[in-house]
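Visitor: Chains P and Z, in that order, give the protein sequences. Counting from 4, one number per residue, gives the positions in the first sequence under the numbering used here. Counting from 63, one number per residue, gives the positions in the second sequence under the numbering used here.
Hints may contain errors.
[To be verified] Chain P stretches covered by chain Z per the calculated footprint, using a threshold of three residues with CB under 8 Å from any CB of chain Z:
1) 15-23
2) 67-81
[As the list claims (entries may be wrong)] Mimicking DSBU-like on lysine-lysine, the simulated pairs with C-alpha atoms at most 35 Å apart in a straight line are:
3) Z/Lys90 with P/Lys30
4) P/Lys13 with Z/Lys90
5) Z/Lys66 with P/Lys93
6) Z/Lys300 with P/Lys141
7) Z/Lys610 with Z/Lys661
8) P/Lys30 with Z/Lys610
Bear in mind the hints are in silico, worked out from the structure with no lab data behind them. C-beta: ideal position from N, C-alpha, C; glycine also.
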Amino acid sequence: MGRVEVDLSKCSGCLICVQVCALTHFKEQNTTKSAIRIFTDYFPNTIRRSYVVCHQCGEKAPCIVACPTGALIWKGDHVELVKEKCISCKNCEVACPYGAVFFNPDYKYPIICDMCTSIDGVPQCAKFCPMGAIRIIK
Amino acid sequence: MEWKGGWVGKILIVDLSKRSFIEEELSKEWAYEWIGGRGWAIKWLYENLKPKTDPLSPMNDIVIATGPLTGILVPSSGKVVIAAKSPITNGYGDGNIGSHLGYQLKQAGYDAVIIRGKAKTPIYLYITPNGVEFRSAEHLWGKGVFETEYILRKETERDAGTLIIGPGGENMVRFATVLCEHGRAGGRTGMGAVFGSKNLKAVVAYGWKTIPIADVDGLLELFWESRQKIMQAEGYKKWIEQGTVMTVEWCQEVGTLPTYNFSEGVFEDAYKIGGEAMAREYKYMRKACMSCVMPCGNVLVSKSEKWKGFAEMDYENVALLGSNLGIGDYNVVIALNKLADDMGVDTISLGNVIGFAMECFEKGIITSKDTKGLELRFGNAEAAIELAKRIIKREGIGNILADGVKIAAKKFGKDAQKIAMHVKGLEISGYDCHGAPAMALAYGTSEIGAHHKSAWVIAWEMRYGREKVDRAKPDKVIEFQRIRGGMFEMLTTCRLPWIELGYPLEYYPKFLKVVTGLEFTLDQIYRIADKIYTLIRVFFVREYGHWKREYDYPPAKWFETAPSKGPAVGMRLSKEVYDNLLDMYYDARGWDKNGIPRKSTLENFGLHFAISDLEKMGIALSE
């Protein structure tokens, strides 16, 4: 089991990971169709950067438990969505303690990191990050 | 029409007076013939502003424009152009800013926003795919940019894109900028003052729509290749450590570091405020624009108790607020920079204005009676900061200096005009040109007044030979204006991958192909760039009502004085040499001896309307 982790001391906030995620999974240029988000928050006296991505909690993941139709299933190393079963109730979004289940207003299914198992198994965010800030931790 | 990609296809036109907006389809002519960014800005302003419009009146328009590659997975594509008639030059003015507003605007469904009229009370615009909301900004008026951004994001979205003004813009300081993201600034030609004149505190955008791309797989492939190329470039490591601030050391070595209001080209404490000192002792975090593989945003934190603060800094900030004021303490430079960013004024012009006031004080042109006791001597950090505050509030002598060095020099009289460092009213950016005639030509002929963004030929000139006088110099200025001031300002992406790390220009037509599905060649793009430069010149001539080649001259100081030390010791710019270079420049551009485009040039670019416009004003055009 592994998950995506961002070393914030290296991250520059360029959003390349965010874009690449949407471009590879949806074939779309759209930062709100990404399963990874980078935030740079500007407070009056400081700047803080943070990231949000699925923690791949396991078979008892809050999103899986919260899903009333069994549309989210644990595949041994990542969460997978069975679209046919999803009723867009957004219970998963509410349940996720990390805020890592995303919805785009024009797309009815939850967007959750699948560790790029649907691409080629190599997490594209980590591959494209120019700062070497993204790695997969076990 | 349906665009295959790049452009999203809509222009938003907002009328602040009526609190209404309309959407217009992006026309083929706009996309093919003017591409985006600066191209659209000059076209809109030329066609829609009444000649001689007061830049700070409701009749001026603001153009916020992206380009076909903005906000897309293209190296360093996070730029937006902000343009209007400039209150500091009275001609065409613009600036570009690395802001999340670019991609957010496109995800909201718009390629550009044009803002007209004037709001009755302070407002901000919130643009989403649902349209435009006119929201009250009464609670934000008077607040600094940093606090405003914090509040705006709480009121909208956490990662909304913003363009904000501070009290400097509200008070219509003529060099007020538009800012975002703690220290990103654009529009040193007074775009912040134009926002302020319209009671417009901010523009905020947030969107969730997809930006169309003609060939997504092609885009990913091309970006991967580009990423490798840029990251493997020689100099990459140093660049991401120091960014543009390393230029302090370089300028010191060649004697072009603005020092004591551009009197000298070397500064005794240069290494204390250089790139190495920054990376070693002050750098706190790294900030990138969207899609940038080579982030240059250096956030510095001061180490002193007295000068607390943090600021994102570039070379120009350090040179103008440091050496140009005789200040060799990074902590003070950081404090000044933070003040300028938070209050929303341009750091380059602010450094010029304070340096100018210091020299006036030291020469007795102004006295402590004028400054209400402020000892405006070079190196006096307290005085510099206090004067900056008065300028932003337009208090006392600050009210005069808030109009920039050109207007202030006229008011101060005596020999003040000889030490006012500007071209067309816009203050000089970070290169002393006593011994750099091609760079002086770049400032003289820059399309917005003295600025380095387009023809940054200084590094080339030092390699080529500062003493040489030949056609290669004006040709290089034009080449750089074409690429940097033309292509990158239209696309709108950043010039730094190319100029700093040698990323090949041939990639841009390739990106245009995969993004828009259209074939563009570099030559086609350069031709459009040349057309833009000519139309900007026509705009200036129309607004001034006449033109003189003297308007394309650099400041008198470079002709009349010489540095007393360093590699440029004893050098002064020769008027004869400059005139020679300017003649060659005009000739290459197809402009006449006075800098007015020839009839044949205007015809060649299809700018027939400009011929009749100028002739109606009684301006005789050469064939």
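Visitor: Decide, hint by hint, whether the structure agrees.
Guide: Comparing the hints with the structure gives:
1. 15-23: Result for this restraint: holds, n = 7.
2. 67-81: violated (count 0)
3. Z/Lys90 with P/Lys30: With a Cα-Cα distance of about 26 Å, the restraint between lysine 90 of chain Z and lysine 30 of chain P holds, given a limit of 35 Å.
4. P/Lys13 with Z/Lys90: Cα-Cα ~42 Å, so violated.
5. Z/Lys66 with P/Lys93: holds, 33 Å
6. Z/Lys300 with P/Lys141: The given pair, whose Cα atoms are some 33 Å apart, holds under the 35 Å limit.
7. Z/Lys610 with Z/Lys661: Answer holds: lysine 610 of chain Z to lysine 661 of chain Z is near 17 Å, not above 35 Å.
8. P/Lys30 with Z/Lys610: Violated, at about 54 Å.
Checked against the numbered hints above, the structure breaks hints 2, 4 and 8 and satisfies the rest.
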